[in-house]
Amino acid sequence: MAEVIMPKVGDAMTEGKVVRWYKKAGEAVKKGEPLLEIETDKVNLDVEAEQDGTLAAVTVEAGQTVPVGNVLASVLAPGEKAPPAAKAAAAPKKPEVSEPEKGQQRRRTDKKDSIKHTTGEYQEAIEQQGLRKDRTAAPSANVVALPEGGRRRSSPLARRMARDLGVPLEAVQGSGPQGRVIAKDVQNFRGAAEAQPAAAAPRASRVSAAPLMSTLPALEAKLVPLSAMRRTIAKRLAESTGPIPHFYLTADYDVTNLLSFREQVNAIEGIKTSVNDYIVRAVALALHHHPYVNASWGDDGISLHGEVHIGIAVSTPEGLITPVVRNADQKSIREIGDEVRALAEKARNRKLLPNEYQGSTFTISNLGAWGIEEFTAIINPPNAAILAIGAVESRPVVIERQVAVRERMKITMSCDHRVVDGAAGAEFLKTLRQYLEQPLRLIV
Amino acid sequence: MAEKSYRDAIREAMIEEMDRDPNVLIMGEDIGVYEGTFRITAGMLKKYGSKRVIDTPIAEAGMAGTAVGMAMLGLRPIVEMMTMNFAIVAADQILNHAAKVRYFSGGQVDVPMVIRGPQGAGVQLSAQHSQTFEAFYGHFPGLAVVAPATPADAKGMLKTAVRGKDPVIFLESAALYGMKGEVPEDPDFTVPFGESRVAREGSDVTIVSYGRMLQLSLVAAEKLSKEEGIEAEVIDLRSIRPLDLVPTYASVARTHRAVVVQEQWKPFGAAAEIAASITEEMFDELDAPVARVTGEDVPMPYARNLELLATPHEPQIIGAVRRVMYRE
Numbered sequence: 001m002a003e004v005i006m007p008k009v010g011d012a013m014t015e016g017k018v019v020r021w022y023k024k025a026g027e028a029v030k031k032g033e034p035l036l037e038i039e040t041d042k043v044n045l046d047v048e049a050e051q052d053g054t055l056a057a058v059t060v061e062a063g064q065t066v067p068v069g070n071v072l073a074s075v076l077a078p079g080e081k082a083p084p085a086a087k088a089a090a091a092p093k094k095p096e097v098s099e100p101e102k103g104q105q106r107r108r109t110d111k112k113d114s115i116k117h118t119t120g121e122y123q124e125a126i127e128q129q130g131l132r133k134d135r136t137a138a139p140s141a142n143v144v145a146l147p148e149g150g151r152r153r154s155s156p157l158a159r160r161m162a163r164d165l166g167v168p169l170e171a172v173q174g175s176g177p178q179g180r181v182i183a184k185d186v187q188n189f190r191g192a193a194e195a196q197p198a199a200a201a202p203r204a205s206r207v208s209a210a211p212l213m214s215t216l217p218a219l220e221a222k223l224v225p226l227s228a229m230r231r232t233i234a235k236r237l238a239e240s241t242g243p244i245p246h247f248y249l250t251a252d253y254d255v256t257n258l259l260s261f262r263e264q265v266n267a268i269e270g271i272k273t274s275v276n277d278y279i280v281r282a283v284a285l286a287l288h289h290h291p292y293v294n295a296s297w298g299d300d301g302i303s304l305h306g307e308v309h310i311g312i313a314v315s316t317p318e319g320l321i322t323p324v325v326r327n328a329d330q331k332s333i334r335e336i337g338d339e340v341r342a343l344a345e346k347a348r349n350r351k352l353l354p355n356e357y358q359g360s361t362f363t364i365s366n367l368g369a370w371g372i373e374e375f376t377a378i379i380n381p382p383n384a385a386i387l388a389i390g391a392v393e394s395r396p397v398v399i400e401r402q403v404a405v406r407e408r409m410k411i412t413m414s415c416d417h418r419v420v421d422g423a424a425g426a427e428f429l430k431t432l433r434q435y436l437e438q439p440l441r442l443i444v
Numbered sequence: 001m002a003e004k005s006y007r008d009a010i011r012e013a014m015i016e017e018m019d020r021d022p023n024v025l026i027m028g029e030d031i032g033v034y035e036g037t038f039r040i041t042a043g044m045l046k047k048y049g050s051k052r053v054i055d056t057p058i059a060e061a062g063m064a065g066t067a068v069g070m071a072m073l074g075l076r077p078i079v080e081m082m083t084m085n086f087a088i089v090a091a092d093q094i095l096n097h098a099a100k101v102r103y104f105s106g107g108q109v110d111v112p113m114v115i116r117g118p119q120g121a122g123v124q125l126s127a128q129h130s131q132t133f134e135a136f137y138g139h140f141p142g143l144a145v146v147a148p149a150t151p152a153d154a155k156g157m158l159k160t161a162v163r164g165k166d167p168v169i170f171l172e173s174a175a176l177y178g179m180k181g182e183v184p185e186d187p188d189f190t191v192p193f194g195e196s197r198v199a200r201e202g203s204d205v206t207i208v209s210y211g212r213m214l215q216l217s218l219v220a221a222e223k224l225s226k227e228e229g230i231e232a233e234v235i236d237l238r239s240i241r242p243l244d245l246v247p248t249y250a251s252v253a254r255t256h257r258a259v260v261v262q263e264q265w266k267p268f269g270a271a272a273e274i275a276a277s278i279t280e281e282m283f284d285e286l287d288a289p290v291a292r293v294t295g296e297d298v299p300m301p302y303a304r305n306l307e308l309l310a311t312p313h314e315p316q317i318i319g320a321v322r323r324v325m326y327r328e
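Chains A and B are the protein sequences, given in the same order. End of the first sequence = 444 in our numbering, gap-free, step of one. End of the second sequence = 328 in our numbering, gap-free, step of one.
Since the hints were derived computationally from the structure, they do not count as laboratory data.
In silico DSS-like cross-links for lysine-lysine, where the CA-CA straight-line distance does not exceed 27 Å:
1) Lys17/A with Lys223/B
2) Lys46/B with Lys31/A
3) Lys46/B with Lys30/A
4) Lys223/B with Lys184/A
5) Lys31/A with Lys180/B
6) Lys180/B with Lys30/A
Here are some, though not all, of the chain A residues that point toward chain B, as calculated from beta-carbon distances under 10 Å:
7) Gln123
8) Glu124
9) Gln129
10) Ala158
11) Arg159
12) Arg160
13) Ser175
14) Pro177
15) Arg180
16) Ile182
17) Lys184
Where is the CB? At the ideal position from N, CA and C, for every residue including glycine.
Given only the sequences and the hints, what does the whole structure look like? Please build it.
The following block contains the structure:
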C-alpha cells in the first residue's frame, strides 16, 4: 500500500487544498497517472500515483485544506486489501522523513519541473530580496552620449519610412529615448501634414488644388489591415444606415453677412475665428428651439437631451472621429473655436480621451475645406440628425429682380425619420437660417 | 497522438530507434541498473541487455571517445551525459574528433553519434551543474546542436539525430522533463534540423527563443495579450546549428521589433548571434534595437531564491517587450 500525502511544494508551503479528485475510491490507477489536483497559495499542481493499483480510503474531500504531509488517500497494490479505516486516517507525517528511498527522491525532483511552479516562487524570491523590479532590465551603464547638435537619433525603420514618404527627418519630433525618431513619429508627422483642418471652411476659391507632381510615384497595390478604429467606423456606420430610416433636407444659405461679420471679428488683435465656429454656435442655439432634433431614438421612447453637445467630425490619418464641444449653446464663438482646434489637434495625435469624443447629442460634418459643394452625411448614432456643411461659394443670385454676387453655402441635414419628421427638420433649418444670415443674433 | 511527458518522448524515441536499427546503442553513467538519474532510460537495460545499454565508469572523455570510434565503424551510439556539464571533460573528443573526422577524411568517414543530456538551471544543482552549452557547441562547424522545447520535438528531433550522419549535441532541460504534450505515434515521425517554427502568432513584436525559455516566452506572450493587449509572435528556433532565422526575419518584417530570450549569460551567448543576424539582415525594418533577455552574469547560485533571481522569468520578457515597443 502506498499513501497519497499532501506534498510539500516549496519551502514556504505549510498546507494545501484539495481542488478535485480525478479518481474515485475503488477506481484502478496507473503509476504516473494524476490522482488529484491540489492548490497551494502559489500554484495548482497534480499529485500522481506512485504505483499501479486501486485508489482507496479517500479521507480528504475536494475543497478541504490540510497540512503538508497529511494522508489524503492510499493506493492498494493489485490483490491487496484495504486496511482498517482507522489506519488509513493516520496522523500527519512529514514527507522529509518518510520513505527516503530512491523513487521518493525522484518525485521530489519532479516537483520542480513545472514552469508555472517556479513563477510563483520567483515572485517570493523578489519580495525576499526587496527587489521591486527586474534587475536585468536596468539600463546599460556604458551609454555613450552623442555630441550636442549632432545627427538626429532615429530608428532604421523611421529613416526608411521618411525616405519613402519624402518626409524631412530633421523636421520630425522624436518620441523615443533621447529623442529618437521612431516609425510612429514619422507616421504622425505625415498625418498631421496631410490632414486639412476639417473644422475650417474657407471660401471655395481658396481651396488649393492637389500639388503638382513632376514625376508620378509608383502606385503600390496592398491590403491595408483593418485598424481597430476603421472597424469601429464600419460597424457604427453600418448600424446607422441599416436600422435608421434616413431622409435628407438641403437648404442654401446666404452667408455674405456672416463672412463680413467674421472679418470684423478677426480684425481684432489676438482673435482668430473660422466660419465653422459660427456654424457650431448657430446650430447650438437653433437646437434650443427644436428639442426633437436634439434627441435620440430608443425602444422605450425618444430621449430629448437636456444639454447641447455638438460632435465635430475630424479627419485623422487613421480615419474619422468626432470630438465633442460640450454645452456649445453656452459658449461664445471664440470659446468654441479654441476648443474645436484643441480637440482637432488631439484627435490627429490620437490623444483624445473617451469623454472628449463620446456623448454628442448632434453632429456637424464640414467638407467645405475640400471644396465640396454639398453632400449627405450618415447619422452618428444615437444622434437623431447630422448636418453636412458644403463649401462657401460666390454665386450670382437674384435679389429684388437684380442679379447680385453673394456668398452662399449649402447645408444638408440627414434626419432619423423615427424622431424627426420632414416638417420638423425643415423648421430647424429655417431657424438656423435666422442665425446664419443675421449673424448678430449669435451674440445678442 | 497521445499526451506524453518530455521524458517519455525521449525514451520512446530511443526505444523506437533501437528496435528499428540493431546498430543503435546507448551508453552513460547509471543509465542501466539505476535506470538513469532523471529516469530517462527506465526499463531499457532489461529490454535490450548490457550489450546495447552500457553502464560506463565516470569517464566522460572515455565515453565520448569510445562513441566516436563506434560511430566511425558503423554503430550509432547515443551517449547520455548525466548533465551536459560533465561533457566539458570530453570537449577534446567532441570538438576535435567527432566534429572533425568527416572533414579530415574528405567525407569518407561519417560519425553518426548523439550526445544527449539535460542542461541549464532550475533544479538547484549549483554553479557547476546548471550551465547551458548551446553557444559553446554552436560555435563549432561539424556539429549539429539542437534544443527541443516540446515533447513532440524532443522525440522527432532525437530520431533525426540518431538517423543522421554527423555528431549531434542534443540539449534537454531537467526542468522540462515532466512537461506534457501531444506526441505523434507514427514510428517514422521525425522533425528535421534547421527548421524553426512559429509557436504563437502575433503582430506587435517578435520573441525568439528555444528550449526551456521558449515555454517561458509563451507564458509571457499570453500575459502580454491578456494584460496589455500586445500580441507577440513567438518563434521556436528548435535547432541552434543549423540555425534557421528565415521565419524570424519574416516576422520582424511585420513587427519591426524583436526580443531574443536565452537562459544564461549575456556575453557571447546565442542571443548575441541571433540579435546580430537580425540586425544584419533586417536593419531597415527595425524600429527599436533588438533586445536580449538573459540570465545574470554570475555562476549559478545554489540557494533556491538566488537561482530564481539569476534566471529569466516572465517579468524580464514583458519588460523587454515594453522597451522595444516604447511603452515605458
